[in-house]
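Based on the sequences and whatever the hints tell you, model everything.
Order-wise, the sequence lines are chains A and B.
Anchor point for the first sequence: position 492 equals 492 in this note's numbering, and the numbering is continuous, going up by one each time.
Anchor point for the second sequence: position 89 equals 89 in this note's numbering, and the numbering is continuous, going up by one each time.
None of these hints come from the bench; they were simulated from the model.
Treat the hints with caution; some may be incorrect.
Quick list of in silico lysine-lysine cross-link-like pairs, DSBU-like style, CA-CA up to 30 Å [said to hold, decoys possible]:
#, chain 1, residue 1, chain 2, residue 2
1, A, LYS197, A, LYS98
2, A, LYS97, A, LYS560
3, A, LYS390, B, LYS107
4, B, LYS183, A, LYS390
5, A, LYS45, A, LYS425
6, B, LYS107, A, LYS396
Listed next, the stretches of chain B that the computed footprint assigns to chain A, with coverage defined by at least 3 CB atoms under 8 Å from CB atoms of chain A [claimed, not checked]:
#, region
7, 70-80
8, 152-158
9, 189-199
Cβ coordinates follow ideal geometry from the N, Cα and C atoms, glycine included.
Listed here are the chains, written in short residue letters.
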Amino acid sequence: MSALVKKNSLGMAHVILGLSIAVLVIVVAVPVLLIFLNAFWAEGKFNITDVIAVLREPETYQALLNSLIIASGTTLGSTAVGTFFAWLVTRTDLPFKKFMRGMFLVPFMLPSFIGALAWKMLLSPRAGYINRFFMDAFGLDGPIFNIYSYLGIVAVEVMYLFPFVFIQVCGALERMDPTLEESARISGAGLFTITRKITIPLVLPSILSGALLIMLYSMAHFGTVAVLGIENGIYNIPTLIYERIHQSAGSFASIRTGTVLASVLVVSAAFIIWLQGKVLGRGRYQIIAGKSFRPVELKLRALRWPLLGFCLLYIGFTIVLPTAVIFLVGGLKTYGLPFAPENLSLVNYRFILFEYQVTKDAILNSVTLGLAAAFITMFAGVMISYVIVKMRVRGKGILEFLGMLPFSVPGSVIALGVILAWSGKYGVNLYNTVWIILVAYIARYMAFSLKANSAALEQVHDSLMEAARACGASMWQTLRDIVLPLVRPGMLAAFFLIFLPSLRELTVSIMLYAPTTRTIGVAIYTLNEDGETVVSAALAGIALLLIITGQTIINRVSAKYQG
Amino acid sequence: MATILVESVSKRYGTHLVLDNFSLRIEHGECFTLLGPSGCGKTVLLRLIAGFETPDSGSIRIGETVVAKADNGVHLPPERRGLGVVFQDYAVWPHLSVFDNVAYPLKLAGLPKQAVRDRVLESVALVNMTGLENRLPSELSGGQQQRVALARALVARPALLLLDEPLSNLDANLREEMRFEIKELQRKLDITVLYVTHDQEIALALSDRLAILDENGTLRQTGTPLEIFERPADLFVFSFMGVANLLPARGEGDACLVGRQSLPVQPGACPDGARRLAGFRPSDVRIDRENRDDTPCLRGTVRRASFLGPVMDYLVEVDGSTLRVSVDTHEALDRGRVFRDGEPCVLRFHNLHWFDAPDAAKAPPAGKSPLADVAAAKGAGA
Numbered sequence: 001m002s003a004l005v006k007k008n009s010l011g012m013a014h015v016i017l018g019l020s021i022a023v024l025v026i027v028v029a030v031p032v033l034l035i036f037l038n039a040f041w042a043e044g045k046f047n048i049t050d051v052i053a054v055l056r057e058p059e060t061y062q063a064l065l066n067s068l069i070i071a072s073g074t075t076l077g078s079t080a081v082g083t084f085f086a087w088l089v090t091r092t093d094l095p096f097k098k099f100m101r102g103m104f105l106v107p108f109m110l111p112s113f114i115g116a117l118a119w120k121m122l123l124s125p126r127a128g129y130i131n132r133f134f135m136d137a138f139g140l141d142g143p144i145f146n147i148y149s150y151l152g153i154v155a156v157e158v159m160y161l162f163p164f165v166f167i168q169v170c171g172a173l174e175r176m177d178p179t180l181e182e183s184a185r186i187s188g189a190g191l192f193t194i195t196r197k198i199t200i201p202l203v204l205p206s207i208l209s210g211a212l213l214i215m216l217y218s219m220a221h222f223g224t225v226a227v228l229g230i231e232n233g234i235y236n237i238p239t240l241i242y243e244r245i246h247q248s249a250g251s252f253a254s255i256r257t258g259t260v261l262a263s264v265l266v267v268s269a270a271f272i273i274w275l276q277g278k279v280l281g282r283g284r285y286q287i288i289a290g291k292s293f294r295p296v297e298l299k300l301r302a303l304r305w306p307l308l309g310f311c312l313l314y315i316g317f318t319i320v321l322p323t324a325v326i327f328l329v330g331g332l333k334t335y336g337l338p339f340a341p342e343n344l345s346l347v348n349y350r351f352i353l354f355e356y357q358v359t360k361d362a363i364l365n366s367v368t369l370g371l372a373a374a375f376i377t378m379f380a381g382v383m384i385s386y387v388i389v390k391m392r393v394r395g396k397g398i399l400e401f402l403g404m405l406p407f408s409v410p411g412s413v414i415a416l417g418v419i420l421a422w423s424g425k426y427g428v429n430l431y432n433t434v435w436i437i438l439v440a441y442i443a444r445y446m447a448f449s450l451k452a453n454s455a456a457l458e459q460v461h462d463s464l465m466e467a468a469r470a471c472g473a474s475m476w477q478t479l480r481d482i483v484l485p486l487v488r489p490g491m492l493a494a495f496f497l498i499f500l501p502s503l504r505e506l507t508v509s510i511m512l513y514a515p516t517t518r519t520i521g522v523a524i525y526t527l528n529e530d531g532e533t534v535v536s537a538a539l540a541g542i543a544l545l546l547i548i549t550g551q552t553i554i555n556r557v558s559a560k561y562q563g
Numbered sequence: 001m002a003t004i005l006v007e008s009v010s011k012r013y014g015t016h017l018v019l020d021n022f023s024l025r026i027e028h029g030e031c032f033t034l035l036g037p038s039g040c041g042k043t044v045l046l047r048l049i050a051g052f053e054t055p056d057s058g059s060i061r062i063g064e065t066v067v068a069k070a071d072n073g074v075h076l077p078p079e080r081r082g083l084g085v086v087f088q089d090y091a092v093w094p095h096l097s098v099f100d101n102v103a104y105p106l107k108l109a110g111l112p113k114q115a116v117r118d119r120v121l122e123s124v125a126l127v128n129m130t131g132l133e134n135r136l137p138s139e140l141s142g143g144q145q146q147r148v149a150l151a152r153a154l155v156a157r158p159a160l161l162l163l164d165e166p167l168s169n170l171d172a173n174l175r176e177e178m179r180f181e182i183k184e185l186q187r188k189l190d191i192t193v194l195y196v197t198h199d200q201e202i203a204l205a206l207s208d209r210l211a212i213l214d215e216n217g218t219l220r221q222t223g224t225p226l227e228i229f230e231r232p233a234d235l236f237v238f239s240f241m242g243v244a245n246l247l248p249a250r251g252e253g254d255a256c257l258v259g260r261q262s263l264p265v266q267p268g269a270c271p272d273g274a275r276r277l278a279g280f281r282p283s284d285v286r287i288d289r290e291n292r293d294d295t296p297c298l299r300g301t302v303r304r305a306s307f308l309g310p311v312m313d314y315l316v317e318v319d320g321s322t323l324r325v326s327v328d329t330h331e332a333l334d335r336g337r338v339f340r341d342g343e344p345c346v347l348r349f350h351n352l353h354w355f356d357a358p359d360a361a362k363a364p365p366a367g368k369s370p371l372a373d374v375a376a377a378k379g380a381g382a
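Pasting the structure below:
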């Protein structure tokens, strides 16, 4: 009988393991594999010459180059901006530091394509409000700044991506053991020398890690380039994939180009993640202690208030102004009218919320898709993280490898892979239904769920589970009574980490939508493309309200959990 | 009946063989301690008995039940072994109140509500925690959490209680108090207790019998605390059980020489031509200013005198060897045994333990204090 018991419990472990592997294989591995297959496998054999031919086509080559240019520019800009502000709020006596720190995190909430939309309204060469103001007031012949340019795209991406670096560097600067700097000071080094010789080398891994994160994000970023680049023929990898698939409705040549470009994205993403692991692995933990200390603050003296003014100006310019423009344009009768009270009303908002079927559908689709994806991904993430973090089963190595995949697969790649896998070629046709978007969301957000849940599970010490077993609980009872209640905060975090971004998702849904399965992001984008600028802006305003409300709820909840 | 029989158990992690062909018998109703430096495999043995690990070979029996046998793959999961376990980090579930923590084993067993309540309150009273039933673990001190863990382990009335370094996270006073309470509970409830620790003081105070393991997981000695302390089986056990002085001695004819001096010993302890180590505790030495009654003794120099409160502690050099000697403070004052650095002294010994000098490689380097070696061994145990 005892022998039976052993087989039984081993069986359960293997069921969980098998299920976890199945989820990741179906949702992530198969789509990625199909992309590689389609790119490198033609007419039954491995084919590299065609791949090179595709890459040498002027348009694809230019798109690769553009992705690289935009990503590099964005990375440099965001790193400079993020590091500077991080230093300002952690290491100086800037007034209202805590408030400013919170403000610098706000761009995280703003979807960058909505930001891009706002900047288009402000700075497009002919119709942009700012450009028009200068042309009218000073009689200039041309715009003072053309947002439809590399510089414009990079500037907008920097505005909304720099928090990645900001948050990493803030953390590093705060956790750094101040005795390291104090001992340098005692040895007679001046503040400048300390900064150069001690502080910067110590936080460099965090800066680099944040920079690489931005590089990864920007390479595969669709929204900003789609809104600001297409007008002037600036395509990057994701926008070209979209353009090709969208135009040709899935012809062989376009799939070919798409998969080759997607392969390039996957490989670069994997390389960036590998590089990031190297950078972080190199001695971060030896230098930076886990505790929070009070570091030495630099006295800004006369620069104190001017620098605060500069920060406020920056925030006003990058957050307040674009957001205000979105809401104001959303209230206009017709795009292009001045923002005078007689031109503004709530008509557009009423229209999209209650009358216009397209936007009503979009809001409903996004909310249900977000809820469903968050729910499913949360549970799948708990299960997979549990196996990776807590179980000792043979075959776990495969799962650990598969678990890395979601982190290195960008959204546009997932969308393409999902099209390849679920368009009926392998028996199941989900194309043009919401289900295909759901599958893609699950794949896209699996990484968030794995991260949040494994962090929560690492906190649950093994002895807590062993204590339950010793008390007479079976494996399932232990899971139900001890593990799940303890990882609930992590699960909740995962849920919101998925639900909120999915409300504004664009990259994946734009490749997968059908007339009735538009999401909020798709609706904003297509309405804007169709010239329905005011309706599009109103919907963007509604999206912002949804996101801000959601974020506020999360902050409340997480504050309660921590307090 | 909860006699534990561990027979020829081996356990390997990767290439590291933690336990090799290990056998042990723990009698019903005794408080048995596994004592050894960290990494010696004592916790692994406890986890094998609890069922958190499976042996690679050998078998384990608790009472009449074979709970693990490697040959035919028998492995009774921990929840069916009917035992209580207390962990080093308490492992009190943070999301449950004291009451719910302690009640959990009974709820699983399906006891009616009123019975659960009675038993929990009884168990909580047993560990002196009455009145704190509704607290959450975060509102308790470390010692209180440890009591909750103890109450939880005892509430289902297991025949066997396993304790894995349960006191090492507590401060010294609490540790002392808790070890008496555990002993008290064990007597009151007539259960078998297996206690794992690296702290020899706790082991001596608590155990009916104890087993000493070395860092390779080899069983060096089993016995009562007195046997272990007074008749250590070998150098390892002697060094591990407290501050140890080791004097290298060699037999020449009838004499036993330490450096150039003759050490007075009973005949046969150090035969002609032998190289041996004389081991003794700091308190086994009598230190004096001069040899008043002309009995045989060793002469040395006090190198460092430290006042530690109840005792005076001296570091004495005898022909190249350094020894630690302690004298009761009052005795030192009354009999003029307060020394200053550099003063000469004479030493007499009672209760010498004789050990074969270890291989050259392992022997303490000449001129260096043998204490360093012991300190290293103790350091490894900490």
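Violated hints, by number in ascending order, as checked against the structure | As far as the earlier hints go, 4, 6, 9 are violated by this structure, in ascending order.
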